[in-house]
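Enquirer: Chain A is fixed; fit chain B onto it per the hints.
Residue strings, one per chain:
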Amino acid sequence: DAEITQSPRHKITETGRQVTLACHQIWNHNNMFWYRQDLGHGLRLIHYSYGVQDTNKGEVSDGYSVSRSNTEDLPLTLESAASSQTSVYFCASSSGTPETQYFGPGTRLLVL
Amino acid sequence: AQSVTQPDIHITVSEGASLELRCNYSYGATPYLFWYVQSPGQGLQLLLKYFSGDTLVQGIKGFEAEFKRSQSSFNLRKPSVHWSDAAEYFCAVAPGYGNKLVFGAGTILRVKS
Numbered sequence: 001d002a003e004i005t006q007s008p009r010h011k012i013t014e015t016g017r018q019v020t021l022a023c024h025q026i027w028n029h030n031n032m033f034w035y036r037q038d039l040g041h042g043l044r045l046i047h048y049s050y051g052v053q054d055t056n057k058g059e060v061s062d063g064y065s066v067s068r069s070n071t072e073d074l075p076l077t078l079e080s081a082a083s084s085q086t087s088v089y090f091c092a093s094s095s096g097t098p099e100t101q102y103f104g105p106g107t108r109l110l111v112l
Numbered sequence: 113a114q115s116v117t118q119p120d121i122h123i124t125v126s127e128g129a130s131l132e133l134r135c136n137y138s139y140g141a142t143p144y145l146f147w148y149v150q151s152p153g154q155g156l157q158l159l160l161k162y163f164s165g166d167t168l169v170q171g172i173k174g175f176e177a178e179f180k181r182s183q184s185s186f187n188l189r190k191p192s193v194h195w196s197d198a199a200e201y202f203c204a205v206a207p208g209y210g211n212k213l214v215f216g217a218g219t220i221l222r223v224k225s
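Order-wise, the sequence lines are chains A and B. For the record, in the first sequence the residue sitting at position 42 is 42 according to this note's numbering, with numbers rising by one throughout. For the record, in the second sequence the residue sitting at position 85 is 197 according to this note's numbering, with numbers rising by one throughout.
Chain B with its partners taken away, still in its complex shape:
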């Protein structure tokens, strides 16, 4: 069965510092990969997605993610974090034959000033 692992439950970074959130998946083929963000009390908003092609994808709010097939990873990065980035981030995977999403447990990002 597919699974998604986000190893870090909580991460705290200083405002202006760089950020990397880790995501590893378990799946036999290359799945479709997504990062969503959830602000407190809100629904999920798509940050970026990877279907095929260039393995470095750009998203909204200055985020990017890199797909590494050899490591089964899709890590999310941002060069300079803003206080408004404090939220929970979810990595998700969809198999090529369908549209169901499997989510990781999420990483809560705290930004300190």
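With the rest of the complex left out, here is chain A:
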């Protein structure tokens, strides 16, 4: 199975601060994804990347950005954290299309 790590696992921040959530996968998967999970909404796609230097907006991308400088990492940045961005964030990766997405353990973010 693919292994994806996310850090930090828990984060508390204040409104207006910039926050970066890390995602690292060891399998050189081309595709990487960021989702947020909120009660009653399942997981919603924030941003995704199909390779180095490629980034795309998902369903709920406002207030978030990503960059892909290498195959293994896709950091997610909240430019100016808002209370509405309190959520659990999951990173995922896959090797192709169509292929199974493998999920990291999640980062629980609280914005005060």
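Derived by calculation from the structure, the hints in this document are not laboratory data. Quick caveat: nothing in here was measured; it's all calculated off a predicted structure. Where hints are given, some of them may not hold.
Cross-link-like lysine to any residue pairs, in silico, SDA-like; alpha carbons within 25 Å at most [what the hints assert, rightly or not]: (1) B:K212 - A:G63; (2) A:K11 - B:P152; (3) B:K212 - B:T142.
Expert: Structure of chain B alone, referenced to chain A:
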């Protein structure tokens, strides 16, 4: 736009009883279909997937799902539920031309002894 509906937010079954979790999708063509399970505080684990071929697919932990094109459904089943199956279950759909997943809202399964 694609959508995935899981009509049941919560389901409670007795240990040893059978289980069926419903999933309906809205999409013009046959998408790729997935069921994931999430235990409390954990990430998502793939139970099974359907890409093509036999419409009854087997997964891990004794789960199976059946794709019914006429009903746009991909229901998850298990003949005998164990207490360790208590978790949240997500149905997801990916279009044929890409790899983005659209998730349902999830169904929380409770198992009573």
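Enquirer: Look at each hint and say if it fits the structure.
Expert: Hint check results:
| no. | hint | verdict |
| --- | --- | --- |
| 1 | B:K212 - A:G63 | 20 Å, holds |
| 2 | A:K11 - B:P152 | 18 Å, holds |
| 3 | B:K212 - B:T142 | 15 Å, holds |
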